[in-house]
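Novice: What follows is the residue order along each chain.
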Amino acid sequence: MGLGTTIGGSTQAGRPAAPMTIDNQPSLLSTAVALGAGFVAVSAASLSAPAALPIGVIGLGFIIAGLTTLRRRRITIGTISLLAAGLLAGSKGAEPVELLIVVMASIFAWDAATMAMGLGQQIGREVDTSQLEIVHLAGSGGVGLLGIIVAYSIERFMSGNQAVFTISLLLIAGAILTSAITDRAD
Amino acid sequence: MSKRILALVGLMIAALGLVTVASPSLVPMKTDQVVLTVIGTGILLQAAVMMNKARQDSYSLITPGFPETPWELPTPGDELQATFESIAEGGLLHEQEQVRDQLREVTANVLAQTHRISLTDAKQLITDESWTSDAAAARYLTEGFSALGPLGEVTDEVKQWISTRLSIDRTPAQQQLVIRTVNAISHLLDMPPLDPDLMAKDEEESERFLQSPEELASDSSTEHLSEEVYLRTEQETGHWNGVGVVTLVFTGVGIIIGQSAMIIAGVIGLIYAGYARLPPSDPPKLRIDRTVEVDEDISPGELIPVTVEVRNEGERLLADLRVIDGVPPGLSIAEGSPRMATTLPAGDSKTIDYKLKASRGRHEFWPTKIIQKSLTGAHERELLFCLEDSVASVSHLQSTNAPIPLREYAAQFVGNVAAQKGGGMEFHSVREYLPGDPIGRIDWNRHARTGEITTIEFREERAAKIVLLIDTRAVAYLEHPSQRHRIGDDGASEGYNAVDRSIEAAGKLFTALLADGNSVGLTNVGPTDCWLPPSLGSDHAIRAARLLSLDPAFSQLPPSAEFELMGWFKRLVRRLSEGTQIVYFTPLSDEYSVTLARQLDVRRYPVTVVSPNPTEDEHLGERIAYIQRRLRITRLRRTDIPVVDWDWEQPLEAALRPAVRRHQ
Numbered sequence: 008m009g010l011g012t013t014i015g016g017s018t019q020a021g022r023p024a025a026p027m028t029i030d031n032q033p034s035l036l037s038t039a040v041a042l043g044a045g046f047v048a049v050s051a052a053s054l055s056a057p058a059a060l061p062i063g064v065i066g067l068g069f070i071i072a073g074l075t076t077l078r079r080r081r082i083t084i085g086t087i088s089l090l091a092a093g094l095l096a097g098s099k100g101a102e103p104v105e106l107l108i109v110v111m112a113s114i115f116a117w118d119a120a121t122m123a124m125g126l127g128q129q130i131g132r133e134v135d136t137s138q139l140e141i142v143h144l145a146g147s148g149g150v151g152l153l154g155i156i157v158a159y160s161i162e163r164f165m166s167g168n169q170a171v172f173t174i175s176l177l178l179i180a181g182a183i184l185t186s187a188i189t190d191r192a193d
Numbered sequence: 014m015s016k017r018i019l020a021l022v023g024l025m026i027a028a029l030g031l032v033t034v035a036s037p038s039l040v041p042m043k044t045d046q047v048v049l050t051v052i053g054t055g056i057l058l059q060a061a062v063m064m065n066k067a068r069q070d071s072y073s074l075i076t077p078g079f080p081e082t083p084w085e086l087p088t089p090g091d092e093l094q095a096t097f098e099s100i101a102e103g104g105l106l107h108e109q110e111q112v113r114d115q116l117r118e119v120t121a122n123v124l125a126q127t128h129r130i131s132l133t134d135a136k137q138l139i140t141d142e143s144w145t146s147d148a149a150a151a152r153y154l155t156e157g158f159s160a161l162g163p164l165g166e167v168t169d170e171v172k173q174w175i176s177t178r179l180s181i182d183r184t185p186a187q188q189q190l191v192i193r194t195v196n197a198i199s200h201l202l203d204m205p206p207l208d209p210d211l212m213a214k215d216e217e218e219s220e221r222f223l224q225s226p227e228e229l230a231s232d233s234s235t236e237h238l239s240e241e242v243y244l245r246t247e248q249e250t251g252h253w254n255g256v257g258v259v260t261l262v263f264t265g266v267g268i269i270i271g272q273s274a275m276i277i278a279g280v281i282g283l284i285y286a287g288y289a290r291l292p293p294s295d296p297p298k299l300r301i302d303r304t305v306e307v308d309e310d311i312s313p314g315e316l317i318p319v320t321v322e323v324r325n326e327g328e329r330l331l332a333d334l335r336v337i338d339g340v341p342p343g344l345s346i347a348e349g350s351p352r353m354a355t356t357l358p359a360g361d362s363k364t365i366d367y368k369l370k371a372s373r374g375r376h377e378f379w380p381t382k383i384i385q386k387s388l389t390g391a392h393e394r395e396l397l398f399c400l401e402d403s404v405a406s407v408s409h410l411q412s413t414n415a416p417i418p419l420r421e422y423a424a425q426f427v428g429n430v431a432a433q434k435g436g437g438m439e440f441h442s443v444r445e446y447l448p449g450d451p452i453g454r455i456d457w458n459r460h461a462r463t464g465e466i467t468t469i470e471f472r473e474e475r476a477a478k479i480v481l482l483i484d485t486r487a488v489a490y491l492e493h494p495s496q497r498h499r500i501g502d503d504g505a506s507e508g509y510n511a512v513d514r515s516i517e518a519a520g521k522l523f524t525a526l527l528a529d530g531n532s533v534g535l536t537n538v539g540p541t542d543c544w545l546p547p548s549l550g551s552d553h554a555i556r557a558a559r560l561l562s563l564d565p566a567f568s569q570l571p572p573s574a575e576f577e578l579m580g581w582f583k584r585l586v587r588r589l590s591e592g593t594q595i596v597y598f599t600p601l602s603d604e605y606s607v608t609l610a611r612q613l614d615v616r617r618y619p620v621t622v623v624s625p626n627p628t629e630d631e632h633l634g635e636r637i638a639y640i641q642r643r644l645r646i647t648r649l650r651r652t653d654i655p656v657v658d659w660d661w662e663q664p665l666e667a668a669l670r671p672a673v674r675r676h677q
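Sequence lines, in order, name chains A and B.
Each number in this note's numbering corresponds to the 1-based position in the first sequence with 7 added.
Each number in this note's numbering corresponds to the 1-based position in the second sequence with 13 added.
Please keep in mind that the hints were generated in silico from the structure rather than gathered at the bench.
Treat the hints with care, since some could be wrong.
Said to hold, decoys possible - Derived Cβ-Cβ restraints for the label pairs, each shown as a range:
no.: 1; chain 1: A; residue 1: 80; chain 2: B; residue 2: 667; range: 51 to 57 Å
no.: 2; chain 1: A; residue 1: 80; chain 2: B; residue 2: 225; range: 31 to 37 Å
no.: 3; chain 1: A; residue 1: 141; chain 2: B; residue 2: 577; range: 26 to 32 Å
no.: 4; chain 1: A; residue 1: 156; chain 2: B; residue 2: 246; range: 36 to 42 Å
no.: 5; chain 1: A; residue 1: 35; chain 2: B; residue 2: 45; range: 52 to 58 Å
no.: 6; chain 1: A; residue 1: 159; chain 2: B; residue 2: 45; range: 43 to 49 Å
no.: 7; chain 1: A; residue 1: 43; chain 2: B; residue 2: 495; range: 44 to 50 Å
no.: 8; chain 1: B; residue 1: 174; chain 2: A; residue 2: 156; range: 42 to 48 Å
no.: 9; chain 1: B; residue 1: 47; chain 2: A; residue 2: 35; range: 49 to 55 Å
no.: 10; chain 1: B; residue 1: 603; chain 2: A; residue 2: 80; range: 42 to 48 Å
no.: 11; chain 1: B; residue 1: 304; chain 2: A; residue 2: 142; range: 26 to 32 Å
no.: 12; chain 1: A; residue 1: 72; chain 2: B; residue 2: 244; range: 35 to 41 Å
no.: 13; chain 1: B; residue 1: 241; chain 2: A; residue 2: 156; range: 29 to 35 Å
Claimed, not checked - Which bits of chain B does chain A cover? Going by a derived footprint, with three or more residues having C-beta under 8 Å, they are:
no.: 14; segment: 270-283
no.: 15; segment: 385-392
Note that CB positions come from ideal geometry on N, CA and C, so glycine has one too.
Start from the sequences, fold in the hints, and give me the full structure.
Specialist: Below you can see the structure in the form of structure tokens.
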């Protein structure tokens, strides 16, 4: 699909231009947002666990690599790395808010980077796609923030073993059920 | 784990959770660490399973279109080159046979021509292995040759495997034999051996990935939503696949190490998972209008502004709309871009503006492609809008001062007929009336007598008739290898494939011959019929120019219909009056082009061939094509049919002069 460089075609009368291809590099706006979110995740994780810093940076590196080489698998690995940094931070006793921020920012970065890559492949850099990106990122960003609020509220207003137990069960059930409900044929 | 089991497990756990809400006393006050670890690990295993499943449901996007990509035609020797390169990867046995058969045929023809012996004798030389000093090549072409034998093949594959691991560039044995054989053939023709650095062509494949209106009509998998709208694909992109795993991992680890903050962090993953699974909306209601600002029949090279307006006629905001306009394959984009990606509120409209550069011919727009995605990015639809628009552009015919090598024995009839004057024109003969003949020439006497409708030919007319015959069969649509990646235009000519060049040459010769007072006509070899009977006058020239530009027979794209050879030939002969001279424009890309020239010549229609040369002799496949074409030219010349061998980088005039000299 699409070749990497933009070659302008100059033509003489009547002759079709030479191969003019689209610049299929990921879109700038979403890439910036993805990297920013990743940076936030790494920072938040490092507050509680300095050891999380290198893991987080590696994660950022993978995301960048994925974007420059147009391999989505690398972006996913990078996100997993960021989340691992979060796990480390959580295990070292991070503040709930910090942990929530790490998780949300990691997932948001994953979404933004995927969006950037998809736009590059389907549309290319020459077209202005910023409005579209802002709307999409507002959606997923907003949902993430909602998640933080909900989680924080749960943290605040429910405590004690019993509540945690219940919540764990419900969360697990939820995760399993949502995985089972997909439109894709098995 | 299948979906059902998964759902069942999920429901059971949910039920358990709800039960503990109802009666908190069921919850154990303090749970053993071991138990917790076991449970946690179980959850993590489940996470691993889900992750694996997410990996298999891979992420995929609908392929957009690339209207910027020019229509690619084959270059000479493409097929042979591809077969040759596939031998390297252990090609199938029958492919290896194909290569050998082709080489054997070429060798026999080369031997027959260079040594002036019969084909049978030439084949004997091959069987005797005496045609070349290269013993390996000689053996390769014999009938009984069986490559390396099963043991040899295995050994060769092992060697190949080792060389690849060690990054040694080693051409497999089979390929080496082919190369040696081609070099041996080249030696027979005093050509240099192949350059070893140029064995493989690195061609970047770029496809347009757009659907032509015909393809769309015959595609049964598309759903016809309304009069001009087709729904081609609807799919989940897999954009959010795997996000639920985050919840399980954090909650599981949280349980094991007893951190409630971590357990609750799982909420984020769950909310995203829910977001991703919001049901998609109905197909959008869109209206698309395209405006192409073009006058009747503009000239090639002029810019054509195109405006495409997309309007959201539904009631909901469309969050993600990606539009790619169906630029006609023969036209190039001069300014702007035919793409747009935007959000479109209900009732709003947005436009795409771009400019195309006109080129010869009638060009139809293809369906506009729209990829509509949901806000979440999880769901995509591909819609195609068929708006019929077209652009027609007519090339003005140029002329040439160079001499044209028409045949010797008809030369007395070329040019203005001088001496036959003195009382009008002499009646010569009568032939069947053909559509296009002037009504004033109908023999009404004969009609009154016998009821037949026939056309009278006068000696003057007969004498000066020339018909230009252009090869427009699919095999003639070839590009020169340098054309593929050319950026600037440093070629001597405008035409970018062999048929284009033929048309350009025919245009020049038409004008020049007409100006000399000859009666000139135009027709083609191909499935689409085009026939302009020989005539005179400036109106005639205008008609010819329009045909050469706009008639579907002379399209920039190769024909897809079957070509019925016999029927076409009979019809041509019926149309031609006796002694008409033919100038035949063809790249000589197959044997039939030679056969046709000779069949016409034998029937006393003197033939001159003008042949644009799309072949090069650098890569292996190309070189064989180059050699085959040279053999054809020689064969024609030996039967006294003049051939203008027109090199790709030359202007036509440079090729005409030596041809005339050779002929005289």
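Novice: Hint by hint, say whether it matches the structure.
Specialist: A quick look at each hint next to the structure:
1. Under the hint 51 to 57 Å, the C-beta atoms of residue 80/A and residue 667/B, about 56 Å apart, fit the expected range.
2. Here the CB-CB span from residue 80/A to residue 225/B is close to 34 Å, well matched to the stated 31 to 37 Å.
3. Judged by the Cβ atoms, the range 26 to 32 Å given for residue 141/A and residue 577/B is violated: they are separated by roughly 59 Å.
4. Between residue 156/A and residue 246/B the beta carbon distance is about 37 Å. The supplied range of 36 to 42 Å therefore holds.
5. Taking the beta carbon of each, residue 35/A and residue 45/B are about 53 Å apart, inside 52 to 58 Å as hinted.
6. Judged by the Cβ atoms, the range 43 to 49 Å given for residue 159/A and residue 45/B is violated: they are separated by roughly 30 Å.
7. The hinted range of 44 to 50 Å is satisfied by residue 43/A and residue 495/B, whose Cβ atoms lie roughly 47 Å apart.
8. Restraint check, residue 174/B to residue 156/A: a C-beta distance of roughly 59 Å breaks the suggested window 42 to 48 Å.
9. Distance hint check: the CB atoms of residue 47/B and residue 35/A are about 52 Å apart, consistent with the given range 49 to 55 Å.
10. Taking 42 to 48 Å as the suggested C-beta distance range, the pair residue 603/B and residue 80/A conforms, at roughly 47 Å.
11. Separation of residue 304/B from residue 142/A is about 28 Å and conforms to the stated range, judged on CB atoms against 26 to 32 Å.
12. A hinted range of 35 to 41 Å for the beta carbons of residue 72/A and residue 244/B is consistent with their spacing of about 37 Å.
13. At roughly 46 Å, the beta carbons of residue 241/B and residue 156/A sit outside the given window of 29 to 35 Å.
14. With 13 residues having a beta carbon nearer than 8 Å to a beta carbon of chain A, the segment 270-283 of chain B meets the requirement of three or more and the stated coverage holds.
15. Residue count for the segment 385-392 of chain B with a Cβ under 8 Å from a Cβ of chain A: 3. That meets the three needed, and the coverage hint holds.
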